[in-house]
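A.B. asks: Let the hints inform the model, and build the full structure from the sequences given.
So the chains spell out like this:
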Amino acid sequence: MKTPRIANAIGQIDDDLVAGAAKCKTKNKKHWLKWGSLAACFAVLVIAGAAILPSLFRENVTPEGTDGRYKDFSIRASESAIVWPWEYQTVYEKYRNVKIDGIEYHGKGRAVSETWIGESIGNYTVVGYDEVNNGKKYSAEFEAYALKDIAQSQFIAVKMEDSYYVFQNDEYAPPNTLGELMDAVNLSEVVELQRFSEGDNTPDSKRFALSSDDYVWEVLSECRNAPFVEDQTWTAGDRSYLSFTITSEALGVYKVALYVTEDGYLWTNAFNWQYLFNIGEDAASRIIHYAKENSTEVEYEPYRNSVAGTIIEITEEYIVVDDSILCKNPTDGITYKVLLNDLRISRYVDYGIVKVGDTVQISYEGEIDKTRGNTIAGAISVFKATISDGDVLIPE
Amino acid sequence: MDDLRIIELYFNRDEQAIKETDTKYGKLCHSIAYNILNNHEDSEECVNDTYVSVWNTIPPTRPHNFMSFICKIARNLSLKRLEFMKRKKRSAEIILSLDELAAVLPDERYAPDVSDEDVGKLISKFLRSQEEYVRNVFIRKYFYFDSIREIAKRYSFTESKVKNMLFYTRNKLKDYLIKEGVEI
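Here the protein sequences line up with chains X and W, keeping their order.
Mapped onto the working numbering, the consecutive letters of the first sequence carry residue numbers 1 to 396.
Mapped onto the working numbering, the consecutive letters of the second sequence carry residue numbers 1001 to 1184.
Cβ pair distances, simulated, as ranges:
1) X:315 - W:1065: 53 to 59 Å
2) W:1167 - X:304: 22 to 28 Å
3) W:1149 - X:133: 34 to 40 Å
Keep in mind the hints are simulated off the structure, nothing from the lab.
Think of the CB as a built atom: it goes at the ideal place given N, C-alpha and C, for glycine as much as any other residue.
C.D. replies: This is the structure:
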């Protein structure tokens, strides 16, 4: 076999690209992913045959999704690969970068409630770039705040349109020890270590929850000297480990991971970069043992809740979605009223991405209000979807 | 030890240079070699060959980015060894990656006037136009030859998302190369 020419050519790519991919930066949790020049003026959808969607759907389409109304289907939805024109972006999508006292902070795109907000640190110019218009620079002045008990050098909040949004120091400057990290971000207070799975948190794995994470933090507080491990090749791989799911308002992270491995490592992707500490086998095994002994099995929670169906009506205020298409018996179908009360959802209609007759998948936060005709007030995205019982990839 | 000091050791012809390189980048080189060769013994030899090659290249070369420099050598030597080992010992994982790539630009019969280095430059330019995580996933797969599973874990994606991302990036890269005049 001869090595394809392109493989050799890839071996010649620029050094900084090679180094950049070695740095283990975890996925930047932007809601809106940019796909370069394709975006020019038009929203671009990229269809992704996604194994996650069937699982996301089947297991938690709606509370109704489990009552046997649905036939065995698989659904493929286009992923959120849209570059929104500037005027269709929310304020926290627009303004992402601010420099304070020489530190560059980057917006995490997530709001934090006022209870976390500390003292004002002044008004600063926050910068944003319009990707659709060749990266045209915009700037606006907003008030910045410290977050309570969190080092200002690591995280701050910026108040935009009456909400506070988390910004994080964008530089790669990992702590030397676990204790340093715990102090800098008040880790045990801002992160709850409750939901976990053994090994990867896939839809098929069993999930557990601890009623209290006090003991886990007690053990971790004994590991304050655990050194940061700079190992670009580390993966949980074949190690035996617990995978905690963590969401933290103050850190601006939603459902990221923290592993405790049997061979003594603590790994997390909660800080944009891989953070890895060697806490030792003893501490790790105490945590793992405790978690296994003191947890109860819980239901799978999808990354986000969704409903699917056909759009049968679009008004100024809402979209009506009918899920008959998913039902064994179409007469069992119900309708959902999806409010267009937020730019995050209304822009899909305003920009013509979805229309009446489309089969769609709608992600939402919060609950469905069944007392008001299955109203969804927290919808955040709607994408065209294809429903089938086969396993066919839908072309772009 | 920082890279500049290691490079100085090479310039001073101090064999400690190799020890320091091994301490700092041994695992990384081994993982690249192993991803390609799927065999610890061969990988180990490739890593040793990498050190010899670095020793012979510095001086006169003074690499700007020592990590990339050494990764490129390890990768190149491992691919050569894989070719040499031919079919009997080949690793399924890497062969699949290479087959996928072959569809983008198969061999020297295509665009014979363009050097691999120039194609590399075009690929760099293309990758820079991609979203950072798309770029890194591509490089993890086709430079470091990580498995889909490892990449999915590293970036917290599902495996199918990684596969799809690679599928689209390969197709876009092919279109880009054609647009840039590389005859495929």
